[in-house]
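Chemist: These protein sequence lines are chains D and G, in that order. When we follow my numbering, the leftmost residue of the first sequence carries the number 1374, and every step to the right adds one. When we follow my numbering, the leftmost residue of the second sequence carries the number 21, and every step to the right adds one.
Honestly, the hints are just simulated from the structure, not real lab data. Please note: incorrect hints may appear among the correct ones.
Pairs of lysine-lysine, DSSO-like flavour, derived with a Cα cap of 30 Å [unchecked claim]:
hint	chain 1	residue 1	chain 2	residue 2
1	G	K91	D	K1386
2	G	K91	D	K1735
3	D	K1523	G	K99
4	D	K1601	G	K28
5	G	K222	G	K149
6	D	K1386	G	K28
7	D	K1649	D	K1675
Fair warning: this is a prediction, and the values are worked out from it, not measured in the lab.
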Amino acid sequence: MILDIERDQRRFKQIVRGKIRENLRKYITHGEMIGRRGKETVSIPIPQLDIPRFRFGDNGSGGVGQGDGEVGDPVGKPGEGSSGAGGAGSEPGSGHFLEVEVDLDELAEMLGEELELPRIEPKGTASIMSDKAKYNSIRQTGPESLRHFKRTYLNALRRQISTGNYQPDNPCIVPIKSDKQYRSWNDVPRPEVNAVVIYMMDVSGSMTDEQKQIVRTEAFWIDAWLGKQYKGIEKRYIIHDAAAKEVDENTFYHTRESGGTRISSAYQVCAELIEKSFPVSDWNIYCFQFSDGDNWGDDNQKAFELLSDKLLPAANVFCYGQVESPYGSGDFIDALRKQYSDNEKLVLSEIEDREGIYESIKTFLGKGQ
Amino acid sequence: MAAAELGKLTPELAAIQVEIEEYARGYGLDFYPTIFELIDADQLNEIAARGGFPTRYPHWRFGMEYEQLSKGYHYGLQKIYEMVINNDPCYAYLMRCNGTIDQKMVMAHVYGHCDFFKNNQWFTHTNRKMMDEVANHGTRVRRIMDRIGVEEVEDFIDICLSIEDLIDVHSPFIKRRNTADRFDFTEETRDDSNKAPRFDAKSYMEPFINPKEKLQAEQNRIDEQTEETPCPETPERDVMRFLLEHAPLKAWQADLLSIVRDEAYYFAPQAQTKIMNEGWASYWHSTIMINQGLTAADVVNYCDHHSGTMASAPTQLNPYKVGIELFRNIEDRWNRGAFGREYEECDDFAKRENWNTGAGLGREKIFEVRRIHNDLTFIDEFLTLDFVREHKLFRFGYNPNSEAYEIESREFPKVKRQLLESLTNRGRPMISVVDGNYKNRGELYMQHEYSDVELQMDQAHDTLENLHRLWNRPVHIATFLEDEQVVVSYDGSEHHLRSGNAEDLADDSEDAA
């Protein structure tokens, strides 16, 4: 029996991989999919390779359908499922992709698989335990809203059969009080591993919307991946120009300041934040900093001091992404490279444009720290 | 037999099979022996991905199909209930996790399909030992892969698949010409009919009896008279065969091309009779289940699944639904005698509605219909105004302003026309080879029979590139773009698009040369 479908599947994936890269990249840079993130699901395409054929083009799209409606009523949009079994055009409107809704967890899984990201090993031992209520048991009493319908009726049925009250021709089952079963909970102790992601972004005049979009997309994927690794991940946002402050997510992405750049100011705020809220012993700390690298010259020294003394010892990993800006890129990344050439915790990445996001994510998360 | 090693039926299911088979025979269904295999969802997806044949040749697209089927299954979007293979014996796969009543219904459905495979005219020329044939194909492809290399072979199969639908679905029934046999190794006899006749002469008399100038003059006259026979003599719809016979293919390439072609011919009738085949099977599962198969306890389950099968989306005509309703409609009309001239000419609605001559020919008629029709003729002959109205069929089209599909019309002729067009040539463009020696340069020239719908250009370009790789000389296809005649060409390095008639263009280029 020759049923080696894995072989075909593997080949398909190999072929697509060249293509998937393309797609994934294209799709990572798609702003729209971040917009849909609130629903906890994201629609992603299943790749499909089409063998070219002579087929009918667009002007024949349409077909025969069935149902109610007046002439002119819309019956569907292109791309919504497959359309037109009787379509004159072969498959009107259906692109080469089948869209599937997946939740973020699965998405992260796929991202990990695609980028070959290692699982992250949480730092330290999980010393904190927390109790969590889990509905995993049954009781005889409880509020009606928690009644276990199936078990209740099963009990009633059992009772009626055993007492001979059940008639197969007229299966009427009436539960009485003693039949009733209710869902109930137990407290399950759970080790807690905490993680916090601290994003820092340069919002000085030289960072344009394009750069911010890149940062935003990258942050989305980082969230997705880290969120998969740690339950209940905390996020903090710091923006800076010559001075830094902690802001909420929305402000982080939409602030535009002018003025100079003093990276040390962000480091300062970050260090304070860690000290105040996220004791190193209990938290896995991830720092991501994005800038165009145009730091004020005399600030580098101060920034390095903070980095060496406070941030690097505290963080699992400190990632610096330098986004290329139309005003030319600074040299902060070179300075960092020179200063910390042998530091494992510091990860550097230059992001030239949207296409660069893919590689950059791989660099940042590829170490599994 | 590979498939026989799969799951056997449980005793319970085997008993059901015996029961259902008896019902089916009782109704006059006629089928090959049918073997049911009980397999789980993953296996079913695997087999379905390979078009029903576990032993099919290896190719990435089966992996793609599998990926989609299994993802669809795991996300709960779709589920295959059953799968039947047109073969003698018929193989049918049942999914292990289906409930007993589902299996019963599926079996009844399967017997409908088996009867259709055996009796429908369009299937008469399909290979009934396809299970074995496909396994052989698999072996051949694997051997070629071992010899030539996986990459190259798969690449070539992709090219063949690209022209897979350029076959002539009617050719099994009409002998259009004697086909050149690939396995004919008899030596070619010299054909002297085009040579100038000469008298027998001893060699020293030759210049006197057959003078050179005379011979030459005679030869010229004959050459002028006999026009070169074009190749192909008549336009050839079976592009794959034309290429098999004339393209400069290596032996292994020809082998692969013929494998793909054989399978295309095997599957073609299934594409041609989708509505009828599913309709017929559904008609029988419903008839058998309702009359005999169901117990009171199963009714709800059965109805749930039956209606699930029959559900139709607004932009997707469900072949099961249309098929079963049309068969029922035909049965009803022929039972009432509601056909023929007298009925057609009656325009009193009430009278038509209550028309009943007590003819009682319904069953007989639908058996006849399942024998001789395919979807195209089925719809053409039996889709009536009343039916379209009753089943609320409409024609929809894309409205670029609202970026949505909208109902365009509920008028009977338009709906019917749209449906017929979509079924003509299985919904594919009709393309034939007109000249294998276009411009007298050995270029391939094909004609698309234009019927108001243009070819999709990007795909056409890619297909031409693939054809070029088979033909090794420039390839051309004549079609229409924006209501203008054009010839799309690929010469091995770039695509050309010239407007005008192919013959004129050929003449032009000859003049230029």
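Chemist: Each hint should be assessed against the structure and marked as holding or not.
Modeler: Going through the hints against the structure:
1. G/K91 <-> D/K1386: 14 Å, holds
2. G/K91 <-> D/K1735: With a Cα-Cα distance of about 26 Å, the restraint between G/K91 and D/K1735 holds, given a limit of 30 Å.
3. D/K1523 <-> G/K99: 26 Å, holds
4. D/K1601 <-> G/K28: 43 Å, violated
5. G/K222 <-> G/K149: 61 Å, violated
6. D/K1386 <-> G/K28: The hint is violated at about 33 Å.
7. D/K1649 <-> D/K1675: Answer holds: D/K1649 to D/K1675 is near 21 Å, not above 30 Å.
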